[in-house]
Structures are given as structure tokens and as C-alpha cells.
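Enquirer: Single-letter residue listing:
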Amino acid sequence: MKPGLGRLIGALVSLVLYAGQASACPCSDDAGGGAFITSESDKYALVLVASTRRALGNFDVRGRFHALSANESETAEELLLRIGLRQPTQLEWQAELGAASYRFHTALLSERQTGLGDAILRARYEVRNEEMPHHSVRLPAVSVGALVRVPLGAIASSASSGFGSGDAQLGLGAWELGAGFDVSHSILRKVDLWLGSELAYRLPDDALGRSRQLGPRWDLAVGGRFGLLAWLSANLALESRLTGDVTLAGRKLDGTSARLLTVVVGAAARDERTGFRSSFSISLAPPIDGLSAGATSATALGFSVGIVR
Amino acid sequence: MIRICRAVSSVGLFGLMATGCSSPAPADGSLDALSDAGSVEVQVQFDGPVRRGQNALSVRLSTRDAAQVPPLLAAVDALMPAHGHEAHAQQIVELDDVFHATELDLFMTGRWQIELELSSGEVLDRVSFPVDVP
Numbered sequence: 001m002k003p004g005l006g007r008l009i010g011a012l013v014s015l016v017l018y019a020g021q022a023s024a025c026p027c028s029d030d031a032g033g034g035a036f037i038t039s040e041s042d043k044y045a046l047v048l049v050a051s052t053r054r055a056l057g058n059f060d061v062r063g064r065f066h067a068l069s070a071n072e073s074e075t076a077e078e079l080l081l082r083i084g085l086r087q088p089t090q091l092e093w094q095a096e097l098g099a100a101s102y103r104f105h106t107a108l109l110s111e112r113q114t115g116l117g118d119a120i121l122r123a124r125y126e127v128r129n130e131e132m133p134h135h136s137v138r139l140p141a142v143s144v145g146a147l148v149r150v151p152l153g154a155i156a157s158s159a160s161s162g163f164g165s166g167d168a169q170l171g172l173g174a175w176e177l178g179a180g181f182d183v184s185h186s187i188l189r190k191v192d193l194w195l196g197s198e199l200a201y202r203l204p205d206d207a208l209g210r211s212r213q214l215g216p217r218w219d220l221a222v223g224g225r226f227g228l229l230a231w232l233s234a235n236l237a238l239e240s241r242l243t244g245d246v247t248l249a250g251r252k253l254d255g256t257s258a259r260l261l262t263v264v265v266g267a268a269a270r271d272e273r274t275g276f277r278s279s280f281s282i283s284l285a286p287p288i289d290g291l292s293a294g295a296t297s298a299t300a301l302g303f304s305v306g307i308v309r
Numbered sequence: 001m002i003r004i005c006r007a008v009s010s011v012g013l014f015g016l017m018a019t020g021c022s023s024p025a026p027a028d029g030s031l032d033a034l035s036d037a038g039s040v041e042v043q044v045q046f047d048g049p050v051r052r053g054q055n056a057l058s059v060r061l062s063t064r065d066a067a068q069v070p071p072l073l074a075a076v077d078a079l080m081p082a083h084g085h086e087a088h089a090q091q092i093v094e095l096d097d098v099f100h101a102t103e104l105d106l107f108m109t110g111r112w113q114i115e116l117e118l119s120s121g122e123v124l125d126r127v128s129f130p131v132d133v134p
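From first to last, the protein sequence lines stand for chains A and B.
Under our numbering, the first sequence has 252 at position 252, and the numbering climbs by one with no breaks.
Under our numbering, the second sequence has 1 at position 1, and the numbering climbs by one with no breaks.
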């Protein structure tokens with residue numbers, strides 16, 4: 001068997017193995033720690049991400065976790081399309097748009113919403129590449145980025161209440177402007193460590209029928225990529241998200257900020273000859289008192305396929 | 001973790017970080033305050049501890065000017081502004097100068113903003129306060 005064919009089969013096996021689980025955490029609201037979806041030698045990339053998310057419970061404002069009871073549930077499935085374009089070589093333009101189905105169920109309430117998520121436009125610029133191993137002092141690779149979230153999501157045009165408690169698969173209902181950076185460094189031949197951070201400002205909106213301004217968002221993520229085979233790698237990341245208090249009708253509401261800590265593990269397969277990419281991830285916001293506050297603990301499975309040229 | 005958050009926020013690098021780690025004031029569901037217009041004294045007490053699910057509350061309204069007729073309690077709404085969740089008391093009855101609002105379904109853990117709509121003829125006034133749902 002040709003080596004390239006083996007890699008392609010491996011990538012397809014990876015796809016088949018995890019397709020049944022649907023997939024991942026990369027929902028419309030993910031940010032920071034994000035990565036280029038193309039390399040310098042690529043021109044463009046198309047990636048389709050499917051994810052499913054199930055809430056376990058919620059953290060109150062003091063960080064105490066309260067599990068959902070047997071007659072409560074909150075689930076969402078999302079399909080997300082990401083497009084990346086390299087022009088010029090060090091700059092990647094990214095656009096993503098998703099659609100989601102969200103279900104919320106309690107003893108007295110049951111609702112289901114399906115619709116588009118927000119559109120997110122990003123630009124990522126590679127400031128510097130990491131030096132080659134023969135250099136005595138190897139500085140890490142650095143990239144910076146900016147994003148604009150365009151509130152196309154169902155929440156932006158919906159008068160109904162309720163659009164999700166955790167991530168924003170159906171949109172934030174607000175424009176968001178953000179900037180961030182990523183630093184990565186190879187510590188061993190097959191291990192890359194990275195750190196990413198992103199700060200975002202949410203513009204005032206009227207998604208609730210009156211003036212509202214969501215608090216700013218700060219994402220911080222650290223992770224590692226471990227090369228298992230030439231075409232297969234494993235990933236581990238720790239992500240933290242902080243959002244500030246909400247201002248409603250000109251009044252800042254104490255206790256509406258949120259803090260969420262999420263652990264993500266996954267694997268990615270690629271075939272350089274065909275440009276095929278596939279990955280899966282499992283994420284969990286651990287339901288442990290004190291780790292998060294004012295946020296939803298959820299588990300998510302994600303699966304993606306893509307093509308890079 | 002809380003200790004770490006406080007340590008980081010004390011550095012003052014990010015006001016946002018401080019926001020995320022701060023401990024908000026308790027919100028147990030009782031209120032003794034003036035309405036937004038400043039003309040109505042509002043006393044609110046939840047009937048029992050606030051809980052996830054159905055809640056009831058009692059509201060007493062009085063005017064600062066004894067010559068004025070106290071307003072009516074027109075609506076009791078609840079909102080989670082970050083999540084976009086809303087709830088409304090399904091029934092409001094007045095008994096012995098106290099309004100009893102019932103069937104207010106606070107269906108999710110977290111901080112809700114309770115808003116009382118007060119009506120004096122065509123004049124509307126409001127008062128709002130937070131409650132923590134466990």
C-alpha cells in the first residue's frame with residue numbers, strides 16, 4: 001500500500017470512528033486559542049464542523065454547581081462552516097457561519113429553536129515563525145488576530161425568550177469586536193505547546209427589546225499538540241472564559257458576569273497529499289464547585305472534516 | 001481557584017478579570033426600596049426560599065405622600081439578561097393591601113433580575129432587584 005493512501009485511509013477511519021458521536025466544542029462562540037486552518041504553503045481551506053452539546057448543570061454566581069434534575073435538559077447541535085484564505089502568505093482570512101438546533105426542557109417549560117448563528121470574520125497574521133532547531137536560542141512563533149462578530153443569529157431577530165445558556169450557537173445578539181494573540185513553541189520534536197488569548201468588546205444591542213450591553217469577554221487558553229504519527233496528532237487544552245457584567249437599560253447588573261473553565265481533548269488527522277483534514281474533540285466544563293461561576297457546565301463532542309489546498 | 005482569581009485581579013491587569021472573580025452581593029429575594037421614580041416604597045418578600053422552578057412573592061406598595069393612592073402591581077417579570085431567558089408571574093392578586101404574585105417559574109440556576117411594573121392610572125413606574133436561584 002502506498003504511504004499516502006495509508007494516511008488517507010487513516011484519516012477516513014478517524015472520521016468513521018467519531019462520526020457516530022457527532023462532535024465538538026468549536027461552536028460559534030468559541031474564540032481565543034483558535035488556530036490557523038491553513039499553513040503558509042496553502043491557499044485556502046474549507047472545514048465543516050459538527051458538534052453536540054449537553055448541559056450538566058449550572059454554576060451560581062458564587063461558583064456552586066447545581067446539577068440538572070431528571071426532568072431538566074439542555075442540548076444543542078451545531079453545524080459550522082469555516083473558510084480560510086491565505087493572502088498574502090502570512091495572513092489568513094477566516095469566515096465562519098453556523099446553524100444550530102437548541103432544546104431546553106424543564107418540568108414546566110419546553111422550547112426548541114433552530115436557526116443561524118452569528119457570522120464571525122477573523123484575520124490572523126503570523127508575526128514570526130519559530131526558529132529552526134539548530135538555533136541556540138529559539139523564540140516561539142507568534143501570531144496576532146482580530147475578529148468581528150456579525151449578529152446574524154436567530155436571537156438577533158427573535159422576540160421569543162431563551163436562546164441558550166452556555167455558548168451562543170444561536171448568536172449573541174450583539175456585534176463583537178476582538179483582538180488576540182497566539183504563541184506556540186516546540187519543546188520536543190513532536191510536542192508543541194501554545195497559549196492563546198483574546199479580548200472582545202460587545203457593542204450595545206436591543207436583542208431583548210431594550211438597551212442591553214453584554215460585558216466584555218476575555219478568553220485564555222493553553223494547550224499542547226502531540227504528534228503521534230506523521231498524519232495523526234493528539235491535542236489537550238485548558239480554556240478559560242471570563243465575561244463581564246451585563247448592562248441593561250443603562251444599569252449595570254451586579255452578579256451577571258461569568259467564569260467558565262473547560263478542558264478539551266482531541267485528535268486530528270491529515271493527509272498532505274490530498275489535503276484532507278479530520279478531527280474530533282471532547283470538551284468538558286468540570287462540574288466542580290469553584291471552578292466556574294454564573295455559567296453552564298456542559299460536555300460537548302465535536303467532529304470536523306476539511307480540505308486544504 | 002477563587003484565591004488564584006483574587007490574586008490575579010489584585011494585580012490590576014484586567015478590570016475584566018476582577019469582574020469575573022468578584023463576589024457579588026447576596027440576592028436572597030427580599031427588597032425594601034423606592035421605585036425608579038422615587039415616589040413609591042416597595043417591600044418584597046419571596047414566599048419561602050427562592051428555588052429553581054415555581055416561586056411566589058408578596059409585594060407591599062405605599063406612597064411617600066399619604067394623600068396619593070398607592071399604585072397597582074401590574075406585572076412581575078424576571079430576566080436573565082445574558083442568556084435571554086424571561087419569565088412572568090402568571091397570577092397577581094391583591095389581598096389586604098398586599099399583592100401576591102404566583103407561578104413565577106425561575107427555571108434556571110443563576111442570577112435573575114426581577115422587575116415589578118407599578119401602575120397608577122396611565123403612569124407606569126418600575127422597581128427591579130436581583131435574586132439568586134440555586
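I should point out that these hints are in silico values taken from the structure, not numbers from a laboratory.
Be aware that one or more of the hints could be misleading.
Said to hold, decoys possible - Distance ranges between label pairs, derived from CB positions: (1) His185(A) to Ser30(B): 49 to 57 Å; (2) Ala67(B) to Gly250(A): 52 to 60 Å; (3) Pro26(B) to Arg309(A): 21 to 29 Å; (4) Asp32(B) to Ile288(A): 33 to 41 Å; (5) Glu86(B) to Leu85(A): 37 to 45 Å.
Even for Gly, the Cβ is constructed at its ideal location relative to N, Cα and C.
Enquirer: Take the hints in turn and mark each one as holding or not.
Expert: Hint by hint, here is what the structure shows:
1. His185(A) to Ser30(B): 49 to 57 Å: 54 Å, holds
2. Ala67(B) to Gly250(A): 52 to 60 Å: 32 Å, violated
3. Pro26(B) to Arg309(A): 21 to 29 Å: 57 Å, violated
4. Asp32(B) to Ile288(A): 33 to 41 Å: 36 Å, holds
5. Glu86(B) to Leu85(A): 37 to 45 Å: Holds, at about 40 Å.
Of the hints listed earlier, those the structure fails to meet are numbers 2, 3, in rising order.
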